[in-house]
Amino acid sequence: MVGGPTATESDLVAIRDNLGLNDPFLVQYGRYLGHAVQGDFGYSYQSKQSVSEAIAVRFPNTLKLAVASMIVAIIIGIIAGLISALKHNSWLDVTSTTVALAGISIPNFWLGAILILVFAVNLQWLPVAGLSDPFYTWEGIKQLILPAITLGTGSAAMIARMTRSSILEVVKADYVRTARAKGVKEKNVIWIHTLKNAMIPVITVIGLNFGALLGGTIITEKVFAINGVGRLMIDAIAMRDFPMVQASVLLVATLFVVVNLVVDIVYTMIDPRINYE
Amino acid sequence: MTSAILTEEQVTVRKKKEKVYITTIKRLLKNKLAVVGVIIILLQIGMAIFAPAIATHDPAKQSLVESELPMFSDGHWLGTDNYGRDVWSRIVHGARISLLVGFTAVSLGLIGGITLGMLGGYYKKLDGIIMRIVDLLFSFPGILLAMLIIAILGTSLVNVAIAISIWSIPSCARIVRGSVLSIKEKEYIMALKSLGASDIRIMLRHILPNAMAPIIVFATMRMGTAILSTASLSYLGLGAQPPTPEWGAMISQGQDYMWTSPHLTIVPGIVIMLVVFAFNVVGDGLRDALDPNMDIQ
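These protein sequences, in sequence, are chains A and B. Oh and the first sequence: position 112 is 112 in our numbering, straight run, nothing missing. Residues are numbered in our numbering as their position in the second sequence, beginning at 1, plus a constant of 277.
It should be emphasised that the hints constitute simulated quantities derived from the structure, not laboratory data. On a predicted model such as this, the values are computed, not experimentally measured, just so you know. Some clues are possibly wrong.
Quick list of in silico lysine to any residue cross-link-like pairs, SDA-like style, CA-CA up to 25 Å [as the list claims (entries may be wrong)]: (1) Lys307(B) - Thr97(A); (2) Lys87(A) - Asp561(B); (3) Lys309(B) - Arg180(A).
Per label pair, the in silico range of CB-to-CB distance [stated by the list, open to error]: (4) Ala56(A) - Asn487(B): 49 to 55 Å; (5) Phe327(B) - Ile270(A): 51 to 57 Å; (6) Gly455(B) - Trp91(A): 34 to 40 Å; (7) Ile265(A) - Met467(B): 37 to 43 Å; (8) Val67(A) - Leu472(B): 55 to 61 Å.
Think of the CB as a built atom: it goes at the ideal place given N, C-alpha and C, for glycine as much as any other residue.
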């Protein structure tokens, strides 16, 4: 594969020697780990480019997309969940709950295609693809809107469902009843007494979804032709370019674990009763 | 005499079980969205079983003179794709594929998850090791784990099913372990142990049936996820290969013709959404019907 179909036996020997494939498995693995902790993931079988460099070039696009989607998901999810809980059993609640369920069920690659068809091709309000401009420019923001909505919809739906059920749970609590009995303004009952306490499970869902979003960027990057780690990974899998696959997977999995750790730390800030000691 | 008493007890237990099933079904049918979901699922199962009879054409048969026909064309009510293949027939046969892959993936995931969860929950010594394996699997976003497994095994629908099943194992194991931990402390389990019942018998005959409620809900919802993931992986070119009529692959192929024939993208997308929606609402409905206080993610 590395040497191509015309490689001779001596080429193969040289390649095996060069890649260190003649060493025992554990030696190879130890060497890989030693290099990996120094940020050296070897070279791509296909492009011969340094894997670390290839990922470093594409990673900002993936991160930009994941963060933008998370912002979209949090804003839409919490607002929809809040409205749904406060207008419990009203038509707003039913509509919001059904839309949230539909949001979870929509294939995001399909949603992306439909958004492109409507907003980029027919209405021509937003660009069809790409994410080349800096995110702080107007062009950059315009490029981010459709991919962020595409990727954020599923998470928004999950956050909305969790916000709704969590608020409905907290609203029944004694301290909320007490606050109302004391004559605290309804606005304060909701924002101070209810929402803050209802946020703990919502943060769990946000944290877990951020991890899922990192995985979801793979598909969204393909739909919108974004030059990110996800697309790099798909191409690497198709080409069986293992150094590239290993490094991309390791990067996304590490980020996923770090995000979960951050979520755990945030718990202690929101709820001082939670203590990991 | 003893056998007569036992039979009476068995009859009572059976009646109680039947009552639980009937109550669950009644509760489920009260939920209108869940009823809609059940109907959609039954339709999909019907489509999958009777696909050759329902499909109007061979799903792989090309006819370039009839390529990209719009919806409601003569003889092709959902139109044709760029190779002139009938979209309706491909959707019908796609139902078979998505249901088969989803069912296989969820079943394998349940077998793995239930085994690990039971062993972890029942044997304290195994719990630490099993839960660390589960944590390890949890450290990958689902689709990434599936892609990684496909990268190792190669691209095919069978490997997609295996990948999704492995992805389902950790969630299922955690749910089962949680149930087992609480059930094994119940008095009737203590009684069985003191009567000398074997661990296998206790686990399979007494703990598992009592832990089924969250497993059923998980399996239903996971069917939706599995169908969606199969479509996603096929869209990425890692699942079904042409000319297999898989819904995700149909969207991927249709996307190239979105400007001229948007129905090639829109129709399979709506079908996927409806089916996944159906499994999600039925899962939600089952959760409420089985135990209104139960909370499973």
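Hints, verified against the model:
no. : hint                              : verdict
1   : Lys307(B) - Thr97(A)              : 17 Å, holds
2   : Lys87(A) - Asp561(B)              : 20 Å, holds
3   : Lys309(B) - Arg180(A)             : 35 Å, violated
4   : Ala56(A) - Asn487(B): 49 to 55 Å  : 52 Å, holds
5   : Phe327(B) - Ile270(A): 51 to 57 Å : 53 Å, holds
6   : Gly455(B) - Trp91(A): 34 to 40 Å  : 36 Å, holds
7   : Ile265(A) - Met467(B): 37 to 43 Å : 40 Å, holds
8   : Val67(A) - Leu472(B): 55 to 61 Å  : 59 Å, holds
Checked against the numbered hints above, the structure breaks only hint 3 and satisfies the rest.
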